[in-house]
Amino acid sequence: MHPAPPPARSDRALRAVAVATAVGGVGLTVAAFVLYPQVPEGPVPFPLDWLFWGSALAGLTLLLPGAVLALRLPRHWLAWLLVLAGASSVLAAFGAVYGPWSILAHDGELPLTTFFVFTGSRFGPIIHVVIPALLVLFPTGRLPQGRWRVPGIVALVAMAVGVLHILLLPWRAFAEGGPVPSGVDERGIDLWQPAALLDLWTAIGPAVFQVGALVSLLCGAAVFISRFRGADAELRAQLRWMLLAGLGNVLALVLAMTSTALLDTAGNGTWVSELLFAAENALLSGAVLVAVTRYRLYDIDLVAGRSLMYGALAAAVVGIDLLVFVAVDAVVEERVAGVAAAGVVAVLYSPLRVRLQRLADRLLTGRDEPYAVVSALARRLEESPGPDELLQATARGVAAAFGSPYVRVELDRPDGTTVSVEVGSPRSDVVVLPFGYRDVPIGRLLLVPRPGSRRSEADQRLLADVVRQAAAAARATALTEELQRSREQLVTGIAEERRRLRRELHDGLGPTLAAAGLKVRAARNLARHQPDEADRALEDVGHDLTGLLAEVRRVVHDLRPPAIDQYGLLGAIEQQAARLSGPGLSVRVVASGDVGELPAAVEVAIYRIAGEALANVVRHADAAVCTVTVDAAADTVGLVVDDDGNGVPAGARVGCGLVSMRERAEELGGSCSVEPRAGGGTRVRAIVPRTSVRVGDLETTSRGAA
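Per full-length UniProt numbering: the sequence shown = residues 1 to 706.
Relax, there's no trap hidden among the hints.
Simulated restraints, written as ranges between beta carbons of each label pair:
no. : residue 1 : residue 2 : range
1   : P434      : G403      : 19 to 25 Å
2   : G517      : V555      : 18 to 24 Å
3   : E551      : R588      : 32 to 38 Å
4   : L580      : E482      : 33 to 39 Å
5   : A514      : R588      : 47 to 53 Å
What the hints contain is simulated information worked out from the structure, not anything from laboratory work.
Glycine residues also receive a C-beta, built at the ideal position from the N, C-alpha and C atoms.
Given these sequences and hints, build the entire structure.
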């Protein structure tokens, strides 16, 4: 017993066979075209009297893709199915030329005459076994598992019975009683010659072929449908290519029947039918080749959708043209009928195309065309007056566009609450798609896919575009509400600040000044007769005025630190640093950019945050070195306070100082964070927009914004 050859060697042998078969098929096709003009005029035997080139082209459309697939996957059964079916069709085409040429020009004396008469008369229909075999074996080349394995075997057996019927049918039955041509060996042309069964086989043979073909198609279709229904997303992507090829075959069949009805009177209908038959096989083999090797590179939904739309459109146009032509031709002359048919088709083309496009998109992808989806959502969003209506419009738009039975949209508000709307009834198979605006998460889209559909890469991209559009609209609406709240808070804050100043002036400065005035008048009255008492009264007034001056300075400092006006922002921060520096702590202030021309509110915010951060370093950090960096860019002003101290302990409670720093930055649309440094210590980072913000006639960067 010889050992099996190594896989690599056997693969090389299989590839060599595939290449040789493909080269031989092309050579036989070229030879058939060369020999065809040399066939003498004369009666050609019936089984050989057919257009050879249609079978040759159809065979090559199977043979060449099959050979390519065999080179890639030499052990794949589908590759050899295409190779064998294509080779048999090419042999049939060459036999249909070589046989008559040998019989009529050389009395059948050429070599292999009997063999090629046999292939030319028997191999032609074998190509039709490709469809049921593909339905059963596609795309793996193996029979299905489970309960559908038996129908798959039945389909293959019925197909084999049909092929055996063609190969074993006696010549006299096949040639409708005609004799075996001269030079042809009857024993070589009839593989099975039991005289007792000749009449029976002749009688039941066609029925056996028809029943076998029908059973193989029905069982094959059932196996394919069951495989499609139970397929995962990857397998279904492959199976859709076969659906596309089947759609093309149906369209080609319709066009072939139409062309036969229209062109047979001119003798061209058969030629068109043969070309369409070759196109059918090219679609099948191309679908197999792409689905097995390259299906991930192409968007099958887009290809199938366009094919369905334009195929149905072409069939409808041809059908309408034919019906109108026949109807009008019955009462008027042919030229008028043609013009009328063209006019009717032109009128119906555009609306028919639009409806077919929507139907194709719905059938194949479960949604509308991408531009229509985005356009419809944009229209819904424009018509939404508020955030709740906007979310409702988004949910309804996604549900309508993708045929989803359940859609829920959740939006996180700046105050920490979440608002949500939903369409349909919730289910367990929910897909959650987070969405954000400028890399900031702001919500989620939850949806249930349409039953029986899958989310392709095109669907993913479209969903991302839809979610991005909805997120931008939701963010814009939220910002509008936030701006309105900020306006209200600002106006309220200004009013409260004015009330506080009024209270300070009325309750503090007012009584002190009134008392000082009374003491001055009393001192004036005492000046002549009791000068000592008058002097003590004036001394009391001096003390009161000194306290009053301190109170005024406190109020002014609360409005805006005087050090900023006296030394500038950088000098004021350096003054703070110098006051807090000591034997155990060195504070250094660094600046970059132009920090001399900043809005007042920005200066105050940076100054206050720096002061609070330095105070925290002194109180908590136990640091030796602290660096304060102020960076004034074109649009923002940044502040970084680094120390080499203890750092922020894990789980530490956020104190009032940190909250105050964050609030001061956020009041101007900025941010403030406290984080540990990589080398140890703590980093306080604040970023504040440099631009001023106006609310009505009130500027938030005024002196009182602090």
